[in-house]
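S.K.: Each chain, written out:
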Amino acid sequence: MKVQRIAPKKIFARGFLYLVLVVSSLLMIVPFYWSVGTSLKLEKFVFASPPQWWPAPISIQSYVNILTRIPFLSYFSNSVFVAVVTTLGHVFFDTLAAYAFAKLKFPGRDKIFFLFLLVLMVPGQVNLIPVYRIMASLHWIDTYLALIVPNLTSVFGIFMMRQFLMSIPGELLDSGRIDGCNEFQVFHKIALPLAIPGIATLVILTFMDRWNDFLWPRIVINSEKLFTLPVGLAQLQMKNTSNEAQIMAGTVLTALPMIIVFLFMQRQFIEGMTAGALKE
Amino acid sequence: MSVAPYPNRVRRFMSKYSMPYLFIAVPVISTVVFLFIPMIVSFWWSLNDFSGIQAATFVGLKNYIQLFTADPIFIKTLVNTSLFVLMGMGIGPTLGLMTALLLNQKIRYQSAFRTAFYLPVMTSLVVVSTIWVMLYNRNGLLNSLLAGLGLGKLGWLSDPRVSLVSVAIASIWQGFGFETVVFLAAMQSIPRELYEAAMMDGADPVQRFWYVTLPSLRHVIVFIYIYGIIGSYQVFDQIYVMTSGGPVYSTSTIVHYLFSKFMDLRLGYASAIAYILFAILVIFSFIQWRFFTEKN
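These protein sequences, in sequence, are chains A and B. First residue of the first sequence: 4, per this note's numbering; consecutive thereafter. First residue of the second sequence: 4, per this note's numbering; consecutive thereafter.
Among the hints, a few may not be true.
[What the hints assert, rightly or not] Among chain A residues calculated to face chain B with C-beta under 7 Å, some are:
#1 Ser28
#2 Met31
#3 Trp37
#4 Ser38
#5 Pro54
#6 Leu99
#7 Ala103
#8 Phe109
#9 Val129
#10 Val134
#11 Pro153
#12 Leu236
#13 Thr254
Quick caveat, the hints were computed from the structure, so don't treat them as lab data. For glycine and all other residues, C-beta sits at the position ideal for the given N, C-alpha and C.
Go ahead and model the full structure; you've got the sequences and the hints to work with.
M.R.: Encoded structure:
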């Protein structure tokens with residue numbers, strides 16, 4: 004009797020669990036669905052009442068308009084270029100410096116590292132205006148240089164990679180030194196291959212950060228052909244407040260590349276993003 | 004024991020240490036040029052009247068005094084930002100913990116559900132904001148749903164009484180999946196033996212959550228709140244896209260106000276705002292530092 008009474012209760016509990024999960028997942032998905040749907044609607048049906056859950060007729064006019072009237076493809080290539088170059092910079096410079104801080108001895112090492120840690124607390128907005136002025140005095144405003152040069156390395160990246168490289172045994176590095184490698188070769192041939200998992204995390208964190216960056220490119224870039232995707236989309240939204248289908252076409256085009264990359268590399272992304280939180 | 008001549012000592016020092024100094028050269032130069040010097044310059048400007056065009060004139064603490072005593076809009080941005088942080092931190096991590104608890108059961112399609120919660124985290128705030136501007140439109144989906152329930156239309160972003168809440172809702176929706184994923188990963192690393200021991204002592208699921216799960220998540224919870232508070236205090240992208248700080252400054256936040264003062268070429272004033280933000284964040288960084296050094 005008892006067993007029979009528990010079973011339906013359990014089934015009910017499982018059903019409820021799935022119901023909550025499905026409903027809350029829908030709350031996450033519907034805004035995305037709605038933006039794709041809207042981008043495929045004719046402008047006059049965007050705010051139809053009752054709402055059109057399925058666009059009828061399906062129209063790609065908004066995409067055609069966006070791609071022909073606005074240099075959306077150059078926003079995309081600008082975003083890719085800036086994010087890739089800065090990420091490569093981080094991988095090279097942060098890892099190399101982290102290696103020196105983790106595995107080499109030199110005068111002033113710990114003092115310099117301590118000063119690095121202090122700046123970790125400083126919010127970017129404090130430096131924003133002076134760095135803008137530096138860019139202006141170098142005549143770098145409205146060039147790729149302003150987007151790239153100040154962002155080639157980060158204290159956070161060095162800190163993270165140092166934690167990672169500390170775990171590499173010193174004997175392994177010594178064996179390389181005995182074989183006659185110079186310090187850069189030891190780094191390149193022994194430390195770097197062992198640091199690949201850490202570098203993967205660094206790549207994901209940096210790339211996401213640069214790809215989604217908004218305030219800095221908004222300030223230093225004025226010409227449309229140099230806009231990154233977030234700046235271009237914000238501009239489109241401000242100029243076109245009445246044409247919601249076009250704004251959504253732009254939104255979909257902006258969001259799509261990152262979502263595709265994420266769906267293919269989900270495990271790496273989630274591990275990378277949680278690594279920082281859990282290791283603390 | 005003869006002392007080597009000076010150039011020799013320099014040469015020996017260089018040959019011994021040139022590699023490590025070379026390795027850290029670019030980050031050190033970059034940090035000095037783009038962080039240390041700007042930090043000091045920014046503080047100096049905060050003590051000046053400075054437009055960026057004319058030379059700066061030293062005014063002492065005038066900018067700070069003016070911000071706190073003669074600029075009601077700034078006080079409003081402080082209140083708005085703090086309310087935004089309170090709403091976000093009051094709801095976001097709790098939602099994250101609840102969803103992580105649901106996902107931590109033996110369920111099918113766990114990773115598909117996790118993806119759903121995580122998708123907005125991957126998406127840029129500008130994208131999320133343009134989507135929510137559409138949902139919040141006077142004739143948009145949310146008002147249609149309200150109408151379906153027999154309720155009136157809400158001016159989600161146009162009514163100053165609700166605009167800040169609307170921005171907060173969109174931001175929570177975007178961000179809590181990060182907390183879900185972090186809590187879930189932390190829960191999965193709690194040793195199974197702890198739960199088995201608790202079950203042998205006859206603990207029910209609520210007690211197991213209270214006495215095993217929650218204490219094991221202590222450090223992650225502190226990290227989530229501090230990281231969340233520091234990040235939320237710097238809110239800008241959503242404000243810029245969704246409301247530009249309006250209507251009537253009801254959604255103006257510290258960084259958005261700083262941005263508008265920068266655009267008005269009041270660089271000294273904007274620098275003072277940046278330093279006030281810095282001071283607020285230092286308090287939370289200090290709490291975090293105290294908490295984590297206590298642990299070790």
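S.K.: Quick check: which numbered hints come out false for this structure?
M.R.: Hints that this structure does not satisfy do not exist here, as all of them hold.
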